[in-house]
Each structure stands twice: as C-alpha cells, then as structure tokens.
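> Sequence:
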Amino acid sequence: MRIEVIATDLTDAKLADQHGADRIELVTGMAEGGLTPSYGLIEEVVRRVTIPAYVMIRPHSRSFCYSQDDLDTMIKDIQTVKRLGAPGVVLGALTKEKTIDETALSLLLEAAEGLDITFHRAFDEVVDQEAVLKVLLRYPQVTRVLTSGGKRSALDAVPQMAKLVRLAEGTHLTILAGSGLTVESLPAFSAQTGVKEVHFGSGVRVGGKSLAPIDPAKLEALKAIADSSI
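Numbering (my numbering), first residue to last: 1350 to 1579.
Hints are computed from structural coordinates only; laboratory data are not their basis. Please read all numbers here as calculations on a predicted model, not as lab measurements. A hint or two may mislead.
[Stated by the list, open to error] Simulated pairs of lysine to any residue, SDA-like, Cα-Cα distance not exceeding 20 Å: (1) 1447 - 1409; (2) 1545 - 1514; (3) 1447 - 1420; (4) 1500 - 1425; (5) 1483 - 1465; (6) 1512 - 1537; (7) 1425 - 1464; (8) 1445 - 1499; (9) 1483 - 1539; (10) 1572 - 1536; (11) 1425 - 1459; (12) 1558 - 1529; (13) 1447 - 1499; (14) 1567 - 1502; (15) 1545 - 1478; (16) 1363 - 1351; (17) 1425 - 1380; (18) 1572 - 1551; (19) 1363 - 1436; (20) 1447 - 1387; (21) 1558 - 1507; (22) 1567 - 1366; (23) 1500 - 1477; (24) 1447 - 1484; (25) 1431 - 1459; (26) 1425 - 1387; (27) 1545 - 1523; (28) 1572 - 1532; (29) 1425 - 1408; (30) 1500 - 1412.
[Said to hold, decoys possible] Taking CB as the label site, the calculated pair distances span: (31) 1511 - 1463: 32 to 38 Å; (32) 1428 - 1536: 38 to 44 Å; (33) 1422 - 1358: 19 to 25 Å; (34) 1360 - 1516: 36 to 42 Å.
All C-beta atoms, glycine included, are put in the ideal place defined by N, C-alpha and C.
Could you build all of it, start to finish, from the sequences and the hints given here?
See the structure below:
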C-alpha cells in the first residue's frame, strides 16, 4: 500500500519524507480543501525532499467550475511547476451540471504533458461517479483519482469505494482513498475496499487537527500498517 500525505510547508514535506510517506500532495489553504502553493515552496520541496511531490493546481475554492481567466492561471501554474521540477500535479474541472469539463481538462492536460496527473476530489461532487470514471479512462495521462466515494468521509462509503476499486482494476487508473481515514481505521477499510493507495491529511497530524503539525509517530504507525499489507 502506498501512502500520500498532504504537506502545506517545507517542514511538513520533510517530516513526510523522513517518516514513511511515499508521496506528497503539496498545497496551501488546507482548510479550503487545498489550493496552489507558492512557487518558492514548490522549489524548496523539490530540492530538499526525496519522495515525489504532486502540486495542487486550484486557483480558488469557490467551486470546481473554471472561467477562461481561471484556466489561463492554472496553465501558467502548471508550466511553472514543470519548470521547478515537480513530477506531478493534482487537478480537476467540472461543468455546472456536475460532470467533467472535458474542454477544460484537455487544456490542462496539454499544458501538463510529461507530468503525472491525479484527478482530485472534484470527483466527489459529480452526479455519477461510475460514468465519470469511464470518462477518465479515456485520458491515459490521468493515473489516479482521489476520492472519498462521494461522502464526507471515505469510512462512510465503503461499498462505493470497493465498487470504484473494482471498476479501475486492470486499467491505468488507481483509486486513491482519502478523507476521514485514521491510522486505526485503515486495516479494516483496506480489507473491505481493496484500496492500494491512501491519502492522509489530518489523520497523521497532532490531535487529528488539519492545521496541526504532522505527527511522526502516527505516520510511522501508518507506514507499518502499509508495509504489513504487502
């Protein structure tokens, strides 16, 4: 099992690297669900951390529907992320009808050519997750979908998470389970859903609080669970 940890600053990123994470999702504005971090932070994390750092491309938290001005900003951010050397980005775009905005997605993927792509939790706002998953299967560049199965917590969506894992099996897509997971809940959740990648924010932080520092002991315990699932 692979572990992705949210990092909001260089200290977070270094702790994630040192205590067992396999990948970082680099964001600012964690309380808003994650926004694009500063270029200085991206550059320092890429330079000083050994595990991959995937950078959030999200210009605001108002919605996942983007204007042309938003897309111009996101494309410039992606170009800068590529120049700074990060291996991947985290993005997504929806229509007002709550399905994938394929026009916007195609523009973003064109800018991100050569980067690995995670489609973020915009996926949890769509009307029909199974239909949207089939759309994403048409985009080989998108290799991962971050989701809580449409619920506030992935722990409340075990049947749906298991279904998504089954639908993605044998394809280029991996289901990355996130939101609401804890170190204690992971073994049963993994057994019930079959997920192979998990995403942690507050679940590996002091007191389980999203704005608290990463707790190395929690992350090491999580790593031990992940290793035992091999």
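> Which of the numbered hints are not met once you compare them with the structure shown?
4, 9, 17, 20 and 21
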